[in-house]
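*Asks:* Sequence:
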Amino acid sequence: MKHGDGSTGNNKPRPGFPAKLVTHQTGPMKKPTTAIGLRPIAPLAAKGQPAGGVKIQPVQGREASGFGTGSQAVRADMVRKLEAQGIAHAGVLAAMLAIERHRFVDTALANQAYEDTSLPIGLGQTISKPNVVARMLSLLFERESVNLGRVLEIGTGCGYQAALLSRLSREVYSIERLRGLHDKARENLRFFRLANLHLLFGDGMPGFAKGAPYSGIIAAAGGEAIPEAWTDQLAVGGRLVAPAVTASGQQHLVVIDKTARGLERKELEPVLFVPLKSGIA
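Per my numbering, numbering through the sequence shown is continuous, rising by one, with the last residue being 333.
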């Protein structure tokens, strides 16, 4: 399948794998970068279809401990709550109905997987609340051009948002700086067999220039500022959604649109994400 690159008239091929990421580490690094290309699951319903009318075939396979065939009903209830909270993007809601969140948390926490709460995933990191994930994805994909190209995710974490992104865009590159989480995400995502998702181990601060330009960039960690490398790698017409510390001294969701005239920035509601860090661990 040929994937678009998110820019008008640019037929730049995607990079081959494995690919090297530029990192801030000194000295040799063992297995600096890995990527997976897996087979696709059932396609998402057409964009614009009302969420209530979306019919998703469940992914076949063994359910995680604590869930049987009723897990889809629990996800449907989560989606109804998201709609009631103002999430209206049909594609995002359909993706959240299809992707089983309980597969991305520890078995002991599986029964809390569909509650609107963040949960620990190890190494001091968390999987974000469903409402926060849905909000950020809705902001990203309300810009129609993002649906047509490549998306870069900074901070793979346990892989949940990467799986959602893979159902909403043509091609996804997801970078994780913590080896333990990168390996966990690979294991979590192997079940779903997503052909358009590439997982990279490395420092996300410099982005991933070999895959640029991106029609969308989304980050799961917030720093004092949005790295210039990210906006440099954003295609004209593309959008970036990330938490960042604003003049108020608090983290807020920040949306940046890249236009022919330059960057247009909007600061939205306050959020609380783990700090953005450089290097690998």
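Hint data in this document are derived by calculation from the structure and do not stem from the laboratory. Please note that a few of the clues may not be correct.
[Stated by the list, open to error] Restricting the straight-line Cα-Cα distance to at most 16 Å, the calculated cross-link-like pairs of lysine to aspartate or glutamate (EDC-like) are: (1) Lys181 / Glu239; (2) Lys133 / Glu167; (3) Lys181 / Glu194; (4) Lys181 / Asp235; (5) Lys262 / Glu276; (6) Lys181 / Glu321; (7) Lys329 / Asp309; (8) Lys133 / Glu194; (9) Lys133 / Asp158; (10) Lys318 / Glu194; (11) Lys262 / Glu194.
*Asks:* Against each hint, give a clear statement of whether it holds in the structure.
*Replies:* Verification of the hints:
Note on Lys181 and Glu239: the hinted pairing is violated, with a Cα-Cα distance of about 21 Å set against a maximum of 16 Å. About 10 Å separates the Cα atoms of Lys133 and Glu167, which keeps this hinted pair within 16 Å; it holds. Only pairs whose Cα atoms come within 16 Å are accepted, and Lys181 paired with Glu194 is rejected, the gap being roughly 20 Å. Of the supplied pair hints, the one linking Lys181 and Asp235 is violated, its CA atoms being roughly 22 Å apart against a limit of 16 Å.
The hinted pair formed by Lys262 and Glu276 fails the criterion: a straight-line CA distance of about 25 Å is larger than 16 Å. A distance of roughly 15 Å separates the Cα atoms of Lys181 and Glu321; the hinted pair therefore holds under the 16 Å criterion. The suggested pairing of Lys329 with Asp309 is violated, with an alpha-carbon distance near 23 Å, which exceeds 16 Å. Between Lys133 and Glu194 the alpha-carbon distance is near 20 Å, which puts this suggested pair outside the 16 Å criterion.
Among the hinted pairs, Lys133 with Asp158 is inconsistent with the structure: their alpha-carbon atoms are about 23 Å apart, more than 16 Å. Between Lys318 and Glu194 the alpha-carbon distance is near 14 Å, which keeps this suggested pair within the 16 Å criterion. The suggested pairing of Lys262 with Glu194 is violated, with an alpha-carbon distance near 26 Å, which exceeds 16 Å.
Hints 1, 3, 4, 5, 7, 8, 9 and 11, counting from the list given before, are not met by this structure.
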